[in-house]
Structure formats: C-alpha cells, structure tokens
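Just so you know, the sequences run in chain order A and B.
Sequential numbering of the first sequence, starting at 1, is according to UniProt numbering.
Sequential numbering of the second sequence, starting at 1, is according to UniProt numbering.
Please note that the accuracy of each hint is not assured.
[Unchecked claim] Calculated lysine-lysine pairs in the BS3-like style (CA-CA distance at most 30 Å, straight line):
1. B:Lys-124 / B:Lys-100
2. B:Lys-256 / A:Lys-90
3. B:Lys-184 / A:Lys-137
4. B:Lys-228 / B:Lys-78
No wet-lab data here; the hints were simulated from the structure.
Here the structure is a predicted model, which means the values were calculated and not measured.
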Amino acid sequence: MNSVFFAQASRFIILVLFQVLIFNHINFLGYINPYIYILLIAFFPVRNNRIVIIFISFFLGLSIDLFLDTGGVHAAACVFIAYIRPILLKSSFGMIYEHQTIRFNTVDFGAKLTYISLLTIVHHFVLFSLEIFNFSKIILILQKALFSSIFSIILIILITVIFSRKTK
Amino acid sequence: MQQIINFLIRNKNFLLFLLLFSISIVFTIQSHSYHKSKFINSANFLTGGVYNSVNNISDYFNLRSQNNLLSEENRHLKSLLYNQATKDSVYIDSLSFNDKYRFTSANIIKNSYALPDNVLLLNKGKNDSVFEDFGVITSKGILGIVNKTSKNFATVISILNTTSNISAKLKKTNHYGSLKWNGKNPRITQLVDIPKIANFKTGDTIVTSGLSSIFPKGVPIGTVNDFKLDNTENYYEINVLLFNDMTNIEHVYIIKNINLPEIKNLLNGISNE
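Throw the hints in and build the complete structure from the sequences for me.
In structure tokens:
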C-alpha cells in the first residue's frame with residue numbers, strides 16, 4: 001500500500017513539473033502543446049476505489065491550473081475523464097477488465113492505443129471547450145483539440161514505451 | 001431517511017464527480033470574468049517559487065539579447081536627455097515627491113502567449129508596493145495590467161487576453177477606441193470603436209490614451225496593420241501590429257499612478273449620487 005502511494009505521489013509531482021515547465025512551452029506552430037499529465041489518470045491502478053481516482057484527478061488538474069492561471073479548466077477536464085474512465089476501460093479492453101485482472105504493461109498494444117486515444121481526445125475536447133468558452137467558435141475548439149490530441153497521444157505512447165517494465 | 005442515505009451511497013461516485021466538476025466550472029467562469037479569479041492564480045509562494053527558481057537558470061540563455069535591448073533603450077533615453085534645447089533653464093526639484101507616476105522594474109518569470117486568456121507572472125509583489133490595477137510596460141510598448149499580487153509575486157493580465165480592454169487612440173488624429181484581442185495571433189491585437197470620421201492609413205502609430213488613468217498618455221502600442229468597418233458600418237475595426245514581440249519579453253516596468261485612489265474616489269462619488 002505504502003509503496004503504491006509513494007510511487008503515485010512522486011509521479012504526480014514529476015508529471016506536474018514536467019508539464020508546466022517543459023511541455024507547456026513547446027508551442028509547436030504557435031499554439032499546439034501536448035498535455036501529458038493525464039498519464040497519471042490513464043495508468044492509475046485499476047483495483048483502487050473510484051472515489052480516490054476522482055479526487056486525485058481533481059487535485060492534479062487544479063495544480064496544473066494553479067501554475068498556468070487557467071481557472072479550473074484542467075480540473076474539470078481531469079475530473080470528467082476520471083469519471084468516465086471505467087466506460088473507456090470496458091470498451092477498449094473488454095473481457096479482461098470485466099475480470100478486474102488488468103495490468104497495463106501486459107495488455108496488447110492495439111487496445112492500449114485505443115484506450116489512450118479515447119481518453120486524450122475526450123480530455124482535450126472538454127479542456128478546449130472550457131478554455132475558449134464560446135460555443136460560436138466550435139471550429140476553433142475542434143481544431144485545437146484535434147491537433148493537440150495527436151501531439152499528446154504520440155508523446156504519451158512514446159513515454160509508456162520508454163518507461164514500461166519488461167515482463168518477459 | 002434510510003432511502004436518502006442509500007441513494008447517496010449508491011450514487012456516491014456520481015455525486016462526487018458532480019460536486020468537483022461544478023467547483024471547477026465555477027473557477028473557470030470566475031477566470032473568464034475580469035478581476036474575479038480569487039483563489040486559483042499563480043501569485044503564491046509555491047508556484048511563484050518554482051517559476052522563480054527555474055527562471056534563475058533560464059535567464060542566462062537570452063542574457064545577450066536582453067542586454068542589447070536595454071542598452072538600446074538607454075541610448076534612446078540618453079539622446080533625449082542631452083538633446084533637450086532648454087536643458088539649463090529647466091528647474092528640476094530633486095527633493096519633491098510630486099511625480100504623477102512611479103516606476104518599478106521587474107522581471108517576467110512566467111510568460112504565456114498561446115492561450116486565449118494569457119496571464120503573466122512577475123517577481124515583484126506587495127513587498128515592493130505593487131498592487132492591483134497598476135500598468136505594466138516594456139521598453140518597446142504596453143504589456144498589461146496587474147491583476148493579483150502576493151507578498152513577492154504579481155500576476156499580469158496580458159493584452160493578449162480576451163478579457164483585456166485598454167483605452168487607446170490614434171496618435172495622429174486623437175480618436176479614441178478600445179484595445180482588445182480576438183485570441184488568434186499573438187502579434188496582432190484589435191482596436192475597435194474608432195469613429196468612421198477618423199482619417200488614417202496603414203502604418204499610423206497607436207498609443208495609450210491616458211483616459212483610463214492606469215497608463216500615462218502616449219505609451220506606444222503598435223501600428224495600423226489593416227482596417228475595416230464593423231457590422232454597424234459606423235466604426236472602424238483596426239488590426240494593430242504590436243511593437244512588442246510578446247514571445248520573448250523579460251524586463252518590464254510597473255507603473256503606479258499616484259493619483260489613482262483620488263480619481264477612483266471622485267468617480268465613485270459621482271456615480272453614487
């Protein structure tokens with residue numbers, strides 16, 4: 001229990017710092033930034049209580065907001081994906097999730113890609129809708145969400161490939 | 001009663017989600033209305049400290065270009081000072097404190113220009129007598145208005161913020177309008193409500209009007225890039241090409257208008273009557 005707690009806590013801090021100090025200053029083509037901190041929510045151990053995940057996501061988003069002066073947009077997007085995470089898990093992993101035996105470094109790559117893509121796209125859509133906060137600019141919202149999602153998905157996949165423990 | 005508790009326990013995930021989601025939405029709405037972002041801002045010791053210590057390192061990377069900028073500004077000021085025709089006959093009282101504006105220099109420790117609502121962070125705060133509603137400029141032009149201050153840090157609402165609204169005028173013809181930003185290009189802001197009667201052309205200079213009593217009169221902003229009539233066909237909408245490159249700002253000046261409290265009092269008194 002304790003080692004899990006410390007692992008997640010250090011991940012939390014490292015991801016927040018990396019996000020606000022490095023990944024938010026990329027500004028590819030002027031405005032495209034990846035948001036990689038959702039890694040924490042995506043790969044939070046499945047067996048844990050849902051309430052814990054929702055709470056941690058809220059504080060993760062809120063600390064990003066604190067650094068970026070964006071009000072509560074990251075917190076809202078994080079809480080949203082934390083809440084719908086079980087649905088996404090079920091739809092991308094199917095039977096394995098039903099039996100609660102899922103381990104993220106043993107599932108096959110295709111399912112993992114689907115899961116991360118869905119999670120990222122939903123997160124980015126909520127994020128940019130709240131950030132722009134103007135429904136008449138729906139094209140701009142979709143455009144920003146799409147471009148940033150592509151960037152984020154590539155980076156998240158790279159990070160998981162690099163840092164995953166080999167089980168063979 | 002039993003049923004209510006059962007309902008709460010059954011739906012505890014959803015209720016928690018709803019609670020936290022609505023808290024975030026409230027924060028978001030506050031951040032979209034001017035001067036309302038109360039709790040969530042980066043002017044606190046934690047985020048300010050992190051940005052400050054990182055900035056201490058990243059400062060060195062563009063030290064040379066920033067030095068050039070500052071020495072260029074010094075050159076300009078020196079040439080103004082020593083070329084004054086009436087230098088000897090002007091009496092300068094160095095003991096009085098009757099200046100209208102007081103300047104504080106500061107460094108930007110967090111720059112931002114890619115979001116629709118950009119907020120910058122400065123390394124001066126209440127301890128340096130920096131408070132809400134002070135203007136911030138650079139050596140080239142206008143930058144923004146101080147929003148929140150903590151002991152050692154201050155957040156600035158940049159002119160690249162969709163809620164920002166600054167009074168500006170055409171330097172040549174003195175027609176007033178307000179400077180806004182549509183959130184698209186960080187080099188170009190919009191000057192709206194310039195009356196149709198104004199006579200100007202591309203390349204004309206735009207400066208602050210001094211009406212808002214935050215900025216002095218005549219702080220440079222930018223030049224007219226292109227313009228068109230707005231929907232009502234009575235006012236021009238001008239795209240302003242900024243003098244500042246908002247992406248690489250480092251040294252800034254905070255302006256305090258000494259008379260601001262008095263002006264505010266007077267205006268409030270009038271509106272209450």
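A quick look at each hint next to the structure:
With a CA separation close to 21 Å, the supplied pair Lys-124 (chain B) and Lys-100 (chain B) stays within the 30 Å bound. Note on Lys-256 (chain B) and Lys-90 (chain A): the hinted pairing is violated, with a Cα-Cα distance of about 58 Å set against a maximum of 30 Å. For the suggested pair Lys-184 (chain B) and Lys-137 (chain A), the alpha carbons sit about 12 Å apart, so the restraint of at most 30 Å is met. Distance check on the hinted pair: Lys-228 (chain B) and Lys-78 (chain B) sit about 39 Å apart at the alpha-carbon level, beyond 30 Å; violated.
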